[in-house]
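> Residue-level listing of the chains:
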Amino acid sequence: MRKLIALIAAAAALTGCGGGSDDADLVIYSGRSEPLIKPFLEEFAEKEGLNVKIRFGDTADLVGTLLEEGERTRADVFIGQDAAALERLREDGLLQPHEGTARVPERYRASDLTWTGLSGRARVLIVRDGAAHPESVFDLTDPRWRGKLAAPTTRNVSFRDFITVVRLKRGDEFARGYLEGLKRNGVEILASHGEVRRAVGEGEFDIGLVNHYYVELEKREGSDVSAVFTDQEPGGFGVVFNLASAGITASSEHAENAAKLLDYLLTPEVQERFARANFEYPLLPGLEAAPGVRPLEDVLTTEVSYEDIARATEGTEDLIAEAGLEE
Amino acid sequence: MTGAGARAAAHDGPRASWLAAGAVAAVAALPLVYVLVRAAGAGADTWSGLLDRRIPDLLANTIGLALAVCAGTLLIGTSLAWLVVRTDLPGRRALGVLCALPLAIPPYVGAVAYADVLGPRGALRDLLGVESLPSIFGFFGATLVLVVFTYPYVFLLASAALHNLNPSYEEAARALGRGWVRTLAGTTARLIVPALAGGTLLVGLYVLSDFGAVSLMRFDTFTTVIYAELGGRFDPPGAAALSSVLVVLTLLLLASGLAVRGRGRYEQTGAGFARSSTRELGRGRWAAFAFVAAVLGLALVLPLARLVTWTLDSAAGGSLGDYAGWTWNSLSVSFLAATVATVCALPVAVVMARSRARGGIVVGWLAQAGYALPGVIVALALVAISTRWFDPLYGTLGLLVAAFVIRFLPQAIQAEEAGLQQIGRNLTEAARALGASRASAFRRVVLPLLGPSLAASWAVVFLTAAKELPATLVLRPLGFDTLPVRVWTPARDGLYADAGPAALLLVLISLVPLALLLIRRRGAALSL
Amino acid sequence: MSVSLQGVRRSFGLTRAVEGVDLTVHPGELFAVLGPSGCGKTTLLRLIAGFERPDAGTVEVAGQEMAGPGVFVPPERRRIGMVFQDYALFPHLTVERNVAFGLARRERAQAKASLELVGLQHKAGRYPHELSGGERQRVALARALAPGPAVVLLDEPFSSLDASLRAELRREVELILREAGTTTLLVTHDQEEALSLADRLAVMRDGRLVQVGPPEEVYARPADRWAAQFVGEVNLIRGMARGQAVQTEIGTFDVAGDPPAGTVHLAVRPEQLAIRLDDPGNAEVVEREFRGHDVLYRLMHENGRMVLVQLPSVELFEVGQRVFVRPAPSAVAPVVG
Numbered sequence: 000m001r002k003l004i005a006l007i008a009a010a011a012a013l014t015g016c017g018g019g020s021d022d023a024d025l026v027i028y029s030g031r032s033e034p035l036i037k038p039f040l041e042e043f044a045e046k047e048g049l050n051v052k053i054r055f056g057d058t059a060d061l062v063g064t065l066l067e068e069g070e071r072t073r074a075d076v077f078i079g080q081d082a083a084a085l086e087r088l089r090e091d092g093l094l095q096p097h098e099g100t101a102r103v104p105e106r107y108r109a110s111d112l113t114w115t116g117l118s119g120r121a122r123v124l125i126v127r128d129g130a131a132h133p134e135s136v137f138d139l140t141d142p143r144w145r146g147k148l149a150a151p152t153t154r155n156v157s158f159r160d161f162i163t164v165v166r167l168k169r170g171d172e173f174a175r176g177y178l179e180g181l182k183r184n185g186v187e188i189l190a191s192h193g194e195v196r197r198a199v200g201e202g203e204f205d206i207g208l209v210n211h212y213y214v215e216l217e218k219r220e221g222s223d224v225s226a227v228f229t230d231q232e233p234g235g236f237g238v239v240f241n242l243a244s245a246g247i248t249a250s251s252e253h254a255e256n257a258a259k260l261l262d263y264l265l266t267p268e269v270q271e272r273f274a275r276a277n278f279e280y281p282l283l284p285g286l287e288a289a290p291g292v293r294p295l296e297d298v299l300t301t302e303v304s305y306e307d308i309a310r311a312t313e314g315t316e317d318l319i320a321e322a323g324l325e326e
Numbered sequence: 000m001t002g003a004g005a006r007a008a009a010h011d012g013p014r015a016s017w018l019a020a021g022a023v024a025a026v027a028a029l030p031l032v033y034v035l036v037r038a039a040g041a042g043a044d045t046w047s048g049l050l051d052r053r054i055p056d057l058l059a060n061t062i063g064l065a066l067a068v069c070a071g072t073l074l075i076g077t078s079l080a081w082l083v084v085r086t087d088l089p090g091r092r093a094l095g096v097l098c099a100l101p102l103a104i105p106p107y108v109g110a111v112a113y114a115d116v117l118g119p120r121g122a123l124r125d126l127l128g129v130e131s132l133p134s135i136f137g138f139f140g141a142t143l144v145l146v147v148f149t150y151p152y153v154f155l156l157a158s159a160a161l162h163n164l165n166p167s168y169e170e171a172a173r174a175l176g177r178g179w180v181r182t183l184a185g186t187t188a189r190l191i192v193p194a195l196a197g198g199t200l201l202v203g204l205y206v207l208s209d210f211g212a213v214s215l216m217r218f219d220t221f222t223t224v225i226y227a228e229l230g231g232r233f234d235p236p237g238a239a240a241l242s243s244v245l246v247v248l249t250l251l252l253l254a255s256g257l258a259v260r261g262r263g264r265y266e267q268t269g270a271g272f273a274r275s276s277t278r279e280l281g282r283g284r285w286a287a288f289a290f291v292a293a294v295l296g297l298a299l300v301l302p303l304a305r306l307v308t309w310t311l312d313s314a315a316g317g318s319l320g321d322y323a324g325w326t327w328n329s330l331s332v333s334f335l336a337a338t339v340a341t342v343c344a345l346p347v348a349v350v351m352a353r354s355r356a357r358g359g360i361v362v363g364w365l366a367q368a369g370y371a372l373p374g375v376i377v378a379l380a381l382v383a384i385s386t387r388w389f390d391p392l393y394g395t396l397g398l399l400v401a402a403f404v405i406r407f408l409p410q411a412i413q414a415e416e417a418g419l420q421q422i423g424r425n426l427t428e429a430a431r432a433l434g435a436s437r438a439s440a441f442r443r444v445v446l447p448l449l450g451p452s453l454a455a456s457w458a459v460v461f462l463t464a465a466k467e468l469p470a471t472l473v474l475r476p477l478g479f480d481t482l483p484v485r486v487w488t489p490a491r492d493g494l495y496a497d498a499g500p501a502a503l504l505l506v507l508i509s510l511v512p513l514a515l516l517l518i519r520r521r522g523a524a525l526s527l
Numbered sequence: 000m001s002v003s004l005q006g007v008r009r010s011f012g013l014t015r016a017v018e019g020v021d022l023t024v025h026p027g028e029l030f031a032v033l034g035p036s037g038c039g040k041t042t043l044l045r046l047i048a049g050f051e052r053p054d055a056g057t058v059e060v061a062g063q064e065m066a067g068p069g070v071f072v073p074p075e076r077r078r079i080g081m082v083f084q085d086y087a088l089f090p091h092l093t094v095e096r097n098v099a100f101g102l103a104r105r106e107r108a109q110a111k112a113s114l115e116l117v118g119l120q121h122k123a124g125r126y127p128h129e130l131s132g133g134e135r136q137r138v139a140l141a142r143a144l145a146p147g148p149a150v151v152l153l154d155e156p157f158s159s160l161d162a163s164l165r166a167e168l169r170r171e172v173e174l175i176l177r178e179a180g181t182t183t184l185l186v187t188h189d190q191e192e193a194l195s196l197a198d199r200l201a202v203m204r205d206g207r208l209v210q211v212g213p214p215e216e217v218y219a220r221p222a223d224r225w226a227a228q229f230v231g232e233v234n235l236i237r238g239m240a241r242g243q244a245v246q247t248e249i250g251t252f253d254v255a256g257d258p259p260a261g262t263v264h265l266a267v268r269p270e271q272l273a274i275r276l277d278d279p280g281n282a283e284v285v286e287r288e289f290r291g292h293d294v295l296y297r298l299m300h301e302n303g304r305m306v307l308v309q310l311p312s313v314e315l316f317e318v319g320q321r322v323f324v325r326p327a328p329s330a331v332a333p334v335v336g
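Note that the protein sequences, when read in sequence, are chains A, B and C.
Throughout the first sequence, residue numbering follows numbering that gives the first Met the number 0, covering 0 to 326 in sequence.
Throughout the second sequence, residue numbering follows numbering that gives the first Met the number 0, covering 0 to 527 in sequence.
Throughout the third sequence, residue numbering follows numbering that gives the first Met the number 0, covering 0 to 336 in sequence.
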């Protein structure tokens, strides 16, 4: 029996049972996917000589985790796929302001500097070259496009935020009708944006609902597809513009390191490299999108506040479920 | 002789086991209590909202899936068992082993392979050269995957029962003029009802608790919705309310399964017969072989082939060092869970086996609360309990191990109690008459004899812990990724190929304890 | 060393297993408790061993109180040796280690001596499953004897053996026990076993001791009808007492002691009757059970009762023959109320 206890203790010691993160200089919760952001975080850790621990997961799941943990969280920095996630955390008082974010244009950050956008993404259609497509995202309910349409899982926050914006701009009834129309048109729900772009790239569907950089990623792999920015007529709905965002937790024990990380991610040089690697829009003034990406100044984006999106999110989930699109 | 039952009551286990068993039971039942209390405290609004919008659909989905999977596994598991044990099927011995091996493939790993091969742009479509296939996702896909990867529970218990069945019963039925088909359907099937009920019950319990496979097959059941409630929707009372419904559902299943098993349990004279009637299949042999091969093709060849090809041309991220680290994490957490569960189960098993007092039964039931607690719920409860009252525990490996132990303790208890039942009380008494104290009799006589059962208990918990997904996702310490996490993360985004190497490693490390169980003929340890 | 029980009671729920037993086993004695299944004899043994706690009464071993009001010595400190019905040999230990189980490390030599006592020193390295039934029993005995117990308790020690082995082993075990000089208490339902082995025996029924005494006495003078019937075969015959004799339909029997005047019952053993061929006689042979050295006949007496007669197999009677049955010469039958 004594041997057994010793064995357990040894195994526990080997696997670092106990404190776990106590030796970390910076703890990051990242809803952005690992392959995308990990190189930048590792580069930062190496440059600063810090021991950085990262928890990757769904943005939504990580928001839930942080809300449950509250001020006891070990996370110092939260990185999410959308601004609404950070807004939700701000409302619960879980974020602290960081002066360094002031360099980001005001519409791409929280007014109280508690979170900032890191990069921007426009909600577009990926269209197979040569295939017909509507100019308005709302025309997708037209029977013409029946069976030609793919969308990512409705659990994806980008899709969800898009519907939330539709609700905020056009009302719940309109949004419901729109979702039902999509369903009627047999929209194929795939596991992720990655699947949608590949499905359109391989010609299985003509049109897919994605963020703009997925179009560029698919093009880079040699597919003949284009991005269609919908509702661009003057005074039109525009495309929904979302922000991958980050903030420092209110209870951070390594706020200094956290601030360093945000500053690092917001340096023009990193912003530019990030934009080039992922085709997202850099947010600092004066920086340009990667070659081939439609310049942001030529894009009509929907005017909406991220606070409103965050507040309306829950209603959107119910609406999607009621329309029978939840998958 | 003199009222054996009455004597047992007088001989309650030693006080030390009672104390230890009580402590284990209290911890094991903690999540259950938490969920029920929290659900009872959820406001009327929460409940009425859930009852209106979510619960009816979820009940339909979850119960429908459980029924379909149970029916499917009963059909496949029983027919495979009969073919392998009771017919002249070519290669029956080897096939018998192969038929149990899908237990090493977690259903969500199977789901990854199926989503790819049978999915909208999968190999099957290319093979058939058709434009598109009916979608694999949804009820059909979830049922298919769960049937294919859980039928071994029924198979193992049914073949053990068929193997141990006294052939005289069947011979008597034949001698009384019944044809072999009627004998099979009437006599044989009736006699193995307890085993079938036990196996199907395990399948049903698994279906209710499954998170990974149904998620990947994009079919909503209670577990997936509870998981979502914990995430983006962040509605802890709602999650607790839904959890309580799932717990009640599980308890109902458990009660009815045990009732069927108990009612069908006949006293059998003799057991373990060398002689057993073998049905000659004649020309049907090869048809039967084709059937078995088809099942194995679906359950072993297809997923393994896909995992191997993915691994070979892997462009997936992660260096060799990463994979080594994840494998080490999986091994160490499973090792800890298996060891702690095996030790914790011991006093409970002792109390259950040695005492018929009501207290022993209550302790036994509470300690086995894990049967009614899907991983998602254990995770939810432990997060809440630890952040409120045991903050230093939160986010530690210890908490994850605790979740595994609570969840898989029942398997350990069952294996060890079965072992203890084999050890006659008079052996301990003989030791005591020879001057050994209670503790020393236990150490010198019971423990050595219990060795094989402890090994079986350990292997079963290791096997199930290595495959566990939902609790790991929620409770793992920072930066502590295991192989299941590394299968799940890319697979959830549809990057199935990237899940390949981790999935293959996971299957390989699961094979070791499974082989241990199968070789030692302790497949029954997988039972209730 | 002696064993002594006074007013011992033990109930399980509503079942009274042992109901007020007083008993003393003398040092060096081989004592048997004989009774049918469920009479409480095993519980009695377990009370002495310490596996059960008496509800009332005291248990003493070697003059020391083991159980009584406020006293309870656990089994491991009672210096008892126990042989279980199924021997309870530890399957994971060799014969030698089984026998050495109750010995301290420095006393290991005693295990060898004990094995020699039962004649199994050559099987020391074997495991229990490699032994025959008889060998297992001797190992169990050696194991119980090795630590030099104050008293050896045997629970139905021969019941799991083949009938052919039983008599042989019985003798062997008796010799071993006598050589060891230990006080022995044996529990059995087999009257032949009890009668042939024991120095004294007790007949037990429904938790009580019906009769205690040497085998000859218990056999020859059963305490009551039940004891008479349980200990061996018997004819219960009604008769009229007249002084030292009782007149019955079969003939006049001498009786021991002074029977009460009037109608009494005699317990007449089958071997206390004699028959001779006689037509018409007073009975007819209806069944013959050949037992080798002797024969048991069932006769239909002319009064309509069945009579059992046991005779040496030197002269055989056939079924259907008419015979005359009468008391054997010098038969002294006991009165059983």
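Keep in mind the hints are simulated off the structure, nothing from the lab.
All figures in this text were calculated on a predicted structure; none of them were measured in a lab.
Ideal Cβ placement from N, Cα and C applies to all residues, glycine included.
Mixed in with the good hints there might be a few duds.
Using C-beta positions, here's what the derived DEER-type ranges look like [said to hold, decoys possible]:
| no. | chain 1 | residue 1 | chain 2 | residue 2 | range |
| --- | --- | --- | --- | --- | --- |
| 1 | B | F138 | A | G202 | 22 to 32 Å |
| 2 | A | R169 | B | F138 | 54 to 64 Å |
| 3 | B | V247 | C | D161 | 54 to 64 Å |
> Identify every previously stated hint that the structure contradicts and give their numbers, smallest first.
When the structure is compared with the hints, only number 2 turns out to be violated.
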